[in-house]
Structure formats: C-alpha cells, structure tokens
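Undergrad: Sequence:
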Amino acid sequence: RTVGFSSLEVQDVLRAVVAVLYVGNLKFAAPPRNSEGSEIAPDDCDESTAIGAIPRATEIAAELLGFNRHELQSALCTRTMKTPGEGTIRMANTLSQAVESRDALARHLYHAVFKHIVDKTNRSIGFRERTLFCGVLDIFGFEFFEKNTLEQLCINFTNELLQQYFNSFIFENETKLYRDEGISWDETDFPNNGAIVELLQQPPNGVFPMLDEECFVVGGSSSSWHSKLLRNHDGNPHFGFVRQLHDTFVIRHYAGPVTYSVGGFLEKNRDRLSADIVQSLSASRWPFVRDCFAHLASLDTMGTTGSVGSSPNVSPTKSVGRGNRRATESSEFRQQLRELMAQIHTTAPHFVRCVKPNPKNRPFADEASGNFTAKPLFHRKSVAEQLRYQGVLEAIRVARAGYPVRFFHADFLADFRCLVAPGELRDELEALMRQPPAENDIGSVEGTGCLAARFAAVSDDA
Numbered sequence: 389r390t391v392g393f394s395s396l397e398v399q400d401v402l403r404a405v406v407a408v409l410y411v412g413n414l415k416f417a418a419p420p421r422n423s424e425g426s427e428i429a430p431d432d433c434d435e436s437t438a439i440g441a442i443p444r445a446t447e448i449a450a451e452l453l454g455f456n457r458h459e460l461q462s463a464l465c466t467r468t469m470k471t472p473g474e475g476t477i478r479m480a481n482t483l484s485q486a487v488e489s490r491d492a493l494a495r496h497l498y499h500a501v502f503k504h505i506v507d508k509t510n511r512s513i514g515f516r517e518r519t520l521f522c523g524v525l526d527i528f529g530f531e532f533f534e535k536n537t538l539e540q541l542c543i544n545f546t547n548e549l550l551q552q553y554f555n556s557f558i559f560e561n562e563t564k565l566y567r568d569e570g571i572s573w574d575e576t577d578f579p580n581n582g583a584i585v586e587l588l589q590q591p592p593n594g595v596f597p598m599l600d601e602e603c604f605v606v607g608g609s610s611s612s613w614h615s616k617l618l619r620n621h622d623g624n625p626h627f628g629f630v631r632q633l634h635d636t637f638v639i640r641h642y643a644g645p646v647t648y649s650v651g652g653f654l655e656k657n658r659d660r661l662s663a664d665i666v667q668s669l670s671a672s673r674w675p676f677v678r679d680c681f682a683h684l685a686s687l688d689t690m691g692t693t694g695s696v697g698s699s700p701n702v703s704p705t706k707s708v709g710r711g712n713r714r715a716t717e718s719s720e721f722r723q724q725l726r727e728l729m730a731q732i733h734t735t736a737p738h739f740v741r742c743v744k745p746n747p748k749n750r751p752f753a754d755e756a757s758g759n760f761t762a763k764p765l766f767h768r769k770s771v772a773e774q775l776r777y778q779g780v781l782e783a784i785r786v787a788r789a790g791y792p793v794r795f796f797h798a799d800f801l802a803d804f805r806c807l808v809a810p811g812e813l814r815d816e817l818e819a820l821m822r823q824p825p826a827e828n829d830i831g832s833v834e835g836t837g838c839l840a841a842r843f844a845a846v847s848d849d850a
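Position 248 (the sequence shown) corresponds to 636 in my numbering; numbering is contiguous.
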C-alpha cells in the first residue's frame, strides 16, 4: 500500500498467487476409453473438519480463475486446431500436453501478476523513461546444481553478457588510464568471453537459436536437438559432453564448466499457452485476469499448433520469426536481455560484489562458545568459487596485465624521495609536496610526465 495499491488490488494480487499454487497442484489422468486423451484427475476431499469438508483443489483453482471446473478442464485438456480445408476441429491433449498447458498457465499468470506489480510501482513513484535515474541491477549470480536445465542456462547466459560488459568496462578504463599516463601495455592479455557468448546466441548454430528452431520442427524433441548440438559444436573448446552421461552437454563458462540435462528443454522453451486458455482467461468473471489476457485474445495468433507463444502483457508488436506464434521463452528472454544491456550501456556503472564467507550463514565456527575469541567461519573453497564466478579474478587479471601496483604521486614521493640525493631536485620535489593539492601538479597528467622525466634523469645519472 506504500506504493499506491488499494485494498482491492492487494486482494487481486494475493488471489492470483493462490490461483497459481492451486493450478500447480492439478493432476491429470487418461479417460477410461481414450488412452491418448487427458482429463483432470478426481482429487479426494481433505478430511472433514469442524467447519466441514474442504473443497477440492480443482474447484478452488477454477473459482479463483473466474470460471467453472468444466471450462478449466476443457481449456487444459483439449485444444482447437485449424486445418487446411477442414476448418476448425477440437482435439484432445495427451497427458504430457495437458501438463504443459497447466505449467504454462501457472507461469503466464505469475508473470502477469509480477508485471502488474512492477507497472503499478513505477506509476506510483512517478517513473519516467527519458530522465536522469539511478538504477540497481541485482543479479543472483552464476548457477550450477546437480541438475541444470533451461533456467540455469538462461541465468548463466545473463552472467556471461554482464561479465563481458564488466570486462569491456574495466578494459576501457584501464586503456584510458594507461594512455593518460603515457604508458604502453600489452592488450592481448585482456580476458575475453566473447567466444562463449557467440556459442550460446550466435545464429544459426548457437545453442539458443538451435533450441528455438527445434521447437518448430515437426517431431522435434530434446534428444534430436541434443544430437544436433553435438554435431555442430564438436571441437568447440567451450562445448563438450560426458560419454557416460547421456542427454547432457557441457558449456565451459568463464566461471567454470556446467553440465546441462536436455530433458524438458523444449517443453519449457515452447511454454505453450493455448489459444483456448487465452480465450477462457479473457472471458473470466474476474476482471483482473480478464484485463491481463484481453489483448492476447484479440490477436490472431492461432496457428496449426493452436498456441500463443508470447507472454502476458508483451506488446502485440513484438514478434519472433514469423509472428507471435514463433516466440519462445528463450527468444523473449534474450530480447529483454538485449534491452537491458542497451540501457546499461547508457549509464555510468559502479560494481558491488557480495561474497558469502560460508554456506552455513553463520558468523562463527562455534556459536555455542559465547566468547569473543570464537573463530570466524570462513569457507575458503566457496569464497574462491564466488570470486571466480563473479568475475573478480578476471578483473585482477586485467590489472595484472599492466602495472597492478599503483601509487598516488604524493605517496610515492613520500616513500621514495630518499632515493634522490639531497640537492636542487629533491628540494623541488619536497616543495611540490608541501603545496595544497589545488596548486601543485602532482596529481595531474602533466605532473606525471614531469615526475617521470625527473626520476628518469636521476636514474640516468645513477
């Protein structure tokens, strides 16, 4: 409410989140006489309480979304198809297709809620795009788990792009500093992850473009996409696979290698929100949901798959390939990432790196001791990993490529003036040090050249 949400809007947001949770609990089963079809599985009521039996999850999910159980089942378990010559036909979804529809509905609804909150917050604080602003980009960081899928690949791709920008920013500042100081240095040692970025996004054989293409190939599957990746990137130093681990591939990121499991990549990337679901949501008795999906229902995006590929609240002018139906999760993600990077390039950035000292979230190794001599809990391995994943070690490499030890000129003179024999030169340098900073030229580029020349003269005399 601090950012302007009314009581009704707060209720709408909470209701939508609850609806997402209940939709995620829906189960499916094959009808008795149609093994290729699907229906929402009957779920038993919870045990009776003093108030009475709790309604089933399906009824609650349908009521929260603003339509009845039969409308919900029809939207999730069947789809409308347009076929040449036969017009529109109604087909049953298989169990896997019904699960995809359920997951897509939950994701798109959650996305609509999230975007609604962001838009409302921006309006309440008077945000204007074309004005001076101070932004904070908080990223989770590099991810690798026991099983890594599309979500981890997208997050790690984001980190690759941000690391590329970080490297470029540091490099440009280093180049300017050395140029101003009149010092030459070898630029070949500059760390560059451009080859990894190209491996992931460069069409037509980048990992993401090949994934998008496979989503629209008849009979396309994660396994066939995996086989194409192995054929196209065999020999790429940043790509690999483990023979003992089938249906996996390895991307050697700047922060280290990550093994990805291809299972579910295509399903998540398609993120099919069928036109039938969109029509049902746009006709919902709940105004909040109806408004979120109304513009999608007005688009003629139903193709042979009968699905809408774009997320809620995405501008109708946005398209990938041959229209909105060619959009995928990864293509929209990369488009948003391009817009983010374009905005970042217009700013004057500052970088803050946060490092957790240990994975246990405890300050001391033994908190039970209760004394002030407790040993801090510092996990060297995890700290070293974070420094590598966050690009700190790469930044150190950039500094080491030139002169990693830097002195303020006044500090340098204070420490090393003893090397200059007493006389006119030493007296002149000490007189410079005694002057106020605004009057001396020790900190200026011209002063740098002057000092360099003088110390060079001393060196030559020695």
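Please keep in mind that the hints were generated in silico from the structure rather than gathered at the bench. Take these hints with a grain of salt, some might be off.
[Claimed, not checked] Pair by pair, the computed Cβ-Cβ distance ranges are:
#1 L565 to F604: 45 to 51 angstroms
#2 V740 to T563: 57 to 63 angstroms
#3 E816 to G514: 21 to 27 angstroms
#4 R768 to F800: 50 to 56 angstroms
#5 T537 to R768: 39 to 45 angstroms
[Said to hold, decoys possible] Calculated lysine-lysine pairs in the BS3-like style (CA-CA distance at most 27 angstroms, straight line):
#6 K616 to K535
#7 K744 to K535
#8 K763 to K748
#9 K508 to K415
#10 K535 to K748
#11 K769 to K535
#12 K763 to K744
#13 K535 to K564
#14 K769 to K748
Ideal Cβ positions, reconstructed from N, Cα and C, are used throughout, including at glycine.
Undergrad: Indicate, hint by hint, whether the structure satisfies it.
TA: Each hint, compared with the structure:
1. L565 to F604: 45 to 51 angstroms: Because 49 angstroms falls inside the window, the suggested range holds.
2. V740 to T563: 57 to 63 angstroms: 23 angstroms, violated
3. E816 to G514: 21 to 27 angstroms: Check failed, 57 angstroms falls outside 21 to 27 angstroms.
4. R768 to F800: 50 to 56 angstroms: 34 angstroms, violated
5. T537 to R768: 39 to 45 angstroms: Since the Cβ atoms of T537 and R768 sit about 30 angstroms apart, the hinted range of 39 to 45 angstroms is violated.
6. K616 to K535: 21 angstroms, holds
7. K744 to K535: Holds, at roughly 23 angstroms.
8. K763 to K748: Since the Cα atoms of K763 and K748 sit roughly 14 angstroms apart, the hinted pair holds (cutoff 27 angstroms).
9. K508 to K415: With Cα atoms ~34 angstroms apart, K508 and K415 exceed 27 angstroms; violated.
10. K535 to K748: 22 angstroms, holds
11. K769 to K535: The given pair, whose Cα atoms are some 21 angstroms apart, holds under the 27 angstroms limit.
12. K763 to K744: Between K763 and K744 the Cα gap is close to 16 angstroms, so the pair holds against 27 angstroms.
13. K535 to K564: 43 angstroms, violated
14. K769 to K748: The hint holds at about 13 angstroms.
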